[in-house]
Amino acid sequence: MKRTLQVLNELERDGVVERYAIGGAMGATFYVEPLLTFDLDVFVILPKDAGNLLSLAPLYEALRSRGYTEEGECVLIAGVPVQFLPAYNALLEEALREARETPYEEVSARVVRAEHLIAICLQTSRDKDRERVRILREQAELDMSYLAGVLQRHGLEGKWKPWTP
Amino acid sequence: MDALRPEIARLFTAKQARRHKLAGLPFHEKVRAVVCLQEMVAPVLRARGRRVRVWKLDDRT
Chain A
1 MKRTLQVLNE
11 LERDGVVERY
21 AIGGAMGATF
31 YVEPLLTFDL
41 DVFVILPKDA
51 GNLLSLAPLY
61 EALRSRGYTE
71 EGECVLIAGV
81 PVQFLPAYNA
91 LLEEALREAR
101 ETPYEEVSAR
111 VVRAEHLIAI
121 CLQTSRDKDR
131 ERVRILREQA
141 ELDMSYLAGV
151 LQRHGLEGKW
161 KPWTP
Chain H
1001 MDALRPEIAR
1011 LFTAKQARRH
1021 KLAGLPFHEK
1031 VRAVVCLQEM
1041 VAPVLRARGR
1051 RVRVWKLDDR
1061 T
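Those protein sequence lines, which keep their order, are chains A and H. Using the working numbering, the first residue of the first sequence is number 1, and each one after it goes up by one. Using the working numbering, the first residue of the second sequence is number 1001, and each one after it goes up by one.
Chain A extracted, bound-state conformation:
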């Protein structure tokens, strides 16, 4: 895992990605009890190519050149299947911009804020997202006024209310 995080930092340092942050179940695990997952979800802002297109191909190529191979929709980096998800809307761009640095042993990793994880769950709205929101509400130390701002900016207040009995 430590090596996986080092590789993510190297990709950012080398400009292969503009910025990365861990989301999904591992992102949530930073704030709550350990949650079972088999993939490390990593949100990325990709540099635009000359044609102004976003493509994961240069990222995959850079990983291949480091000896890491694709496995289904993931890339296996030092024993951890990593799924890269390009920031595809304003909420994810903001989540990446405001993600926090956190130490993992002697390596630094960037993790999406708990408030953004909740907003992303609301936007995605699968059954497991509802459960994740419940756990984050119960266990994470949330900044409720910050969360209210995120929900308001991204038009998610209407979804939040029915999810908070």
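If you're looking for bench data, these hints aren't it; they were derived computationally from the structure. Mixed in with the good hints, there may be bad ones.
[Claimed, not checked] Below, computed lysine-lysine pairings styled on PhoX-like, alpha-carbon distance capped at 25 Å:
id, chain 1, residue 1, chain 2, residue 2
1, A, Lys-161, A, Lys-128
2, A, Lys-128, H, Lys-1015
3, A, Lys-2, H, Lys-1021
4, H, Lys-1021, A, Lys-128
5, A, Lys-128, A, Lys-159
6, A, Lys-2, H, Lys-1056
Computed from a predicted model, the values in this text were never measured in an experiment.
Model the placement of chain H on the given structure of chain A, informed by the hints.
Using the frame of chain A, we list chain H on its own:
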């Protein structure tokens, strides 16, 4: 809904307290716990035909 018997309520309270305690662990210890969960669940999922990979931790072989 019927009220829980006190001993069951106590068990639930203890369970919740344990989950809060786990939530407060350092990130690297939580990752270790996730890998333990993966090790427990992987055989069940594989028996159902799902391909899963237990993560490698740097200090474990």
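Outcome of the hint check:
Among the hinted pairs, Lys-161/A with Lys-128/A is consistent with the structure: their alpha-carbon atoms are about 17 Å apart, no more than 25 Å. In summary, the hint linking Lys-128/A to Lys-1015/H is supported, as the alpha carbons are separated by about 21 Å, within the 25 Å threshold. With a C-alpha separation of about 24 Å, the suggested pair Lys-2/A and Lys-1021/H falls inside the 25 Å cut-off, and the hint holds. Restraint check for Lys-1021/H and Lys-128/A: satisfied, since their Cα atoms lie roughly 23 Å apart, inside the 25 Å limit.
Between Lys-128/A and Lys-159/A the CA atoms are separated by roughly 15 Å; this keeps the pair inside 25 Å, and the hint holds. For a cut-off of 25 Å, the pair hint linking Lys-2/A to Lys-1056/H stands: about 10 Å separates their Cα positions.
Violation of the numbered hints given earlier is absent; every hint is satisfied by the structure.
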